[in-house]
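A.B. asks: These two chains come separately, so use the hints to put the complex back together.
Same order as they appear, the protein sequences are chains A and B.
Residue numbering for the first sequence is 1 to 161, as defined by my numbering.
Residue numbering for the second sequence is 1001 to 1294, as defined by my numbering.
Since the hints were derived computationally from the structure, they do not count as laboratory data.
Just so you know, these numbers come straight off a predicted model, no measurement behind them.
Incorrect hints may have been included.
What the hints assert, rightly or not - Calculated pairs, DSS-like style, for lysine-lysine (alpha carbon to alpha carbon, straight line, at most 30 Å): (1) B/1290 / A/160; (2) A/156 / A/86; (3) B/1082 / B/1029; (4) B/1082 / A/156; (5) B/1290 / B/1237; (6) B/1029 / B/1002.
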Amino acid sequence: MSQTHSIQVRINGTPYAHEVEPRLLLADYIRQVVGLSGTHIGCEHGVCGACTILLDGQAVRSCIMLAVQADGHELTTVEGLAQDEKSLHPIQEAFWEAHGLQCGFCTPGILMTLVPYLEENPNPTETEVRDAISGNLCRCTGYQHIVDAALLAAEKLQSKP
Amino acid sequence: MKPAPFNYFAPASLEEALALKAQHGEEAKALAGGQSLIPAMNFRVAQPAILVDLNRIASLRDIRKNGALTIGAMTTQSTAEKNPLVAEHVPLLHEALPNIAHPQIRNRGTIGGSVAHADPAAELPVVCLALRTRMQAQSQSGERWIEAQEFFSGLFSTALAADELLTAVEFPLVEERTGYAFLEVARRHGDYAMAGLAAVLSLDENGLCRQARLVYLNVGDGPLEATQAAASLQGQKPSAKAFQDAGKIASQEDMQPFGNLHASPQYQQHLSAVLTQRALQLALNRITQKATHP
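If we strip away everything but chain B, and leave its shape as in the complex, we get (with noise of 0.2 Å):
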C-alpha cells in the first residue's frame, strides 16, 4: 500500500460533504478523479488525515445552459468532451480538453478537479482565465462566485477557504465577431506541455482588434496571462505582423519561464511566441469562416 494511512468518507449529499469540510478544514483533502492527488498519494508528497470522496455526489456532475453554461465540478473531463453543448457554446474548452493526459485519465479527471488542483501545467485553469469563468464555491455558510482572476493565486493553492468546496464552473457562452484556439507542444501527445496556450479574440464592427487574451501554461506559478502581448493587439486591423509582435512581447516581456526537465526557459519563450502567433491566426480565421458560413 503505497499511501500513508488516512480516514476515507464517500459523502451521498453535498450537505455531508460540507459537513465534514466544516468539521475537519484542511485536514479534509477533498477526493474529485483522484488523477493528480493519488500519484501525489503514491509518492506519499501528499498525506491527506481525511479524504472526503465526492463520487457519490450527483447533483455535482450537471451541465446546464442558462445564459451560460454552468459545468459540475464532479463531470468527468470525458463527458465534457463528448457533450454536444460544451462543442457549441465553449469551443475552446472543447478544443483543450483532448489534450489532458490520455483518455484513460479523462475517465476519471474531472473539471472541477483540475481546477481546484491549480497546476501551472493543467490545460484548464489556462482555459478558465481565458474565458474569465466564474467557480462556485460553497460551504456550510452559503455559496459565493469567485472570478477565475482571483481564483487562482499561486503555485496549486485557490482563493478556495479551508471550509468550501468548488462545486461549479460557469463558463460564458462564445460571442459574435470572437475567436478562439488552444495549442500546445508536449513531447509525446498527453503529457505535460512544454509550452501552451489559449487564444481568445474579439473584432468590433469594422473588423479591427476589440480585445485579446493570451493565457499560457507552464511557464509562470500558475496560470500566466500575457497583458502587454494582448495590449498592443488592441484597436489593430489583425494581420501576421501584429501576431508575431505579440508573440514577441508575450514571450520577452511578458513571461519569465523557469524551465524545466525537457524545455529551457529560452525554449519555453521561442514556443510560446510561435504558437502565439499560430493561435491568434487560428482564431482570426475561425471567425472568418464564422463569418463566411454562419
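Chain A on its own, in the form it takes in the complex (with noise of 0.2 Å):
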C-alpha cells in the first residue's frame, strides 16, 4: 500500500542515497539502512534521548522522525564526532575522563545534546547543565559523573585554540 520513496540525506559528511517505506523510522534508517550503530533506541516515543542526533545542527529525536522527512538534510550521529579513527571530540575527552558513562547505552544521545548545548552555552553552570541533559534518562543513575563530564567537556572546548 505504500509506496516507497527516494531519499538523500548527507550523515557525518557523506552522502547516502536510498528507496525507504515512508513508515520508516529515522533511528532505524540510521543503524540498519546506513549501517551506523552508535545511535541508539530506546523509548521510541521520543522520552529517552537515547536516539538523539543533529539534523542541520539541532538536537532532535530520531525515533519519532521519518527517515523520509531527512530527505535533502544534514545529519550528525555521534560517529561524526570524532576528526578520525585515532582522536576524540573533546566532549567524548571529557566522558572518558571523568567517567560520565557506565553502561554506556544513553552516551551516545547525551554526547549529541551537549554538542549544540555547549556551542550556544559555553560556559554553564552545574544547575544548567542538569537541565540541559534532562531529556536524556540514564537507567544506571550516573548523573554525577555525566554532569561531571559535561563541566569538564565545557572548560576543554574552551581551552581549544
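C.D. replies: Printed below as a string of C-alpha cells:
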C-alpha cells in the first residue's frame, strides 16, 4: 500500500541515497540501512533521548521522525564527532576522563545533546547542565559523573585553540 | 518499522496541501513537528492512512507583528522561544514555551501542531485560551478565523473541519496594566505536568482588578478555564487573601479533575489552588514592576 520514496541525506559528511518506505523511522534508517549503530534506540516515543542526533545542527529525536523527512538534510550522529579513528572529540575525551558513562547506552544521546548546547552556552553552571540533559535518561543512575563530564567538556572546549 | 503503513505526501505549497485535505478529508492527517503524532503511530494508537507533511511549506513559518503577533503554524517551539518579538509582546507565551518537553522536542515541535493536537496536558492550548488568541483555518474554499473559546472543543478535538488546516495563531499584544504568569508542577522538568495554569490579570486606573483569566492544564478534557474564580476577583483590590480565595474557588468549584497515574484528583486540586495564588501574585508583581520601571 505505501510506496517507497527516494531520499538523499548527508550523514557525518557522507552522502547517502536510498529508497525507503515512509513508515521507516529515522533512527532505524540510520542503524539498519546505513549501518551506523552508535545511535541508540530506547523508548521509541521521544522520552529517553538515546536516539538524539543532529539535524542541520540541531538536536532532535531520531525515533520520532520519519527517514523520508530527512530527505535533503544534513545529519550528524555520534560517529561524526571524532575527526579520525585515533582521536576523540573534546566532549568524548571529557566523558572518558571523568567516567561520564556506566553501561554507555544513553551516552551517544547525551553527547549529541551536549554538542549544540555547549556551543550555545559555553560556560554552564552545574544546574544548567542538569537542565540541559534532563531530556536524556540514564538508567544506571549515573548522573553525577555525567554532569562532571559535561562541565569538564565545557572547559576543554573553551581552552581549545 | 513500528508505525502501520501509510501513504506519504510532502507538498511544497499550502495550495497542494489543501488540495490533499480536500480530496482525502479525515483520512489525511497533517504531520507538523510529529512529536505527538509519531509516538502515537509508533504505539499504533494512531494509524492514519495518509500523512500530509507540512514541513516543506516555508510560508507557514513566519512570525509577523501587525497590531497582534501572528505566528505561522509550522514555526517550531524553539524558534518562537528565541524570538525577541514573542518575548516582548507575548510574554506569557515566552514564559510557557520552555515548559514544553525538552529542547530536542521543541526543535521539531511546532506551535500549530500542539494547538491542533489539543492535548489537555499541553501548555500551548492553555496559553491560547488565556490570551484569547484566534486561529487561522484554511481550506480550498477560503480562510476563517476561529476564537480560542470555540476552537478547543474537547479531548484532542478542535473546531477544524476535515478539509481545513490550521495555518497561523494570532496572539494579542500584551496590554498596559496587565500581568501574566505561567506555572506548572511536573515530576521532572519536561514531563507532562500534574497541574499548571496560565494566569492573566488586568487592573483598572484605580488599581482594582478589571479582569482575570485563569486557565488550567491536565485537569479537564481540554484547557480548563476557571470562570467562577475569575469572577470572584473582578472589581476587587488585589490582595493575598483575594488570590487565595480565587485559588480555592478554582480548585473546588471550577474543576473536577480525573486524576492520573501521578496525581490524585485531590492532589491536583491542591496544586491548582497553590499555583493559582502564586501565579496571580507573580502577575501582580509584574504589573507593579512595569509601572515603577518603565
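A.B. asks: For every hint, state whether the structure bears it out.
C.D. replies: Now the hints, each set against the structure:
1. B/1290 / A/160: 43 Å, violated
2. A/156 / A/86: Given that 30 Å is the threshold and the Cα spacing comes to 18 Å, the pair holds.
3. B/1082 / B/1029: 29 Å, holds
4. B/1082 / A/156: 27 Å, holds
5. B/1290 / B/1237: 18 Å, holds
6. B/1029 / B/1002: 18 Å, holds
Violation of the numbered hints given earlier is confined to hint 1; every other hint is satisfied by the structure.
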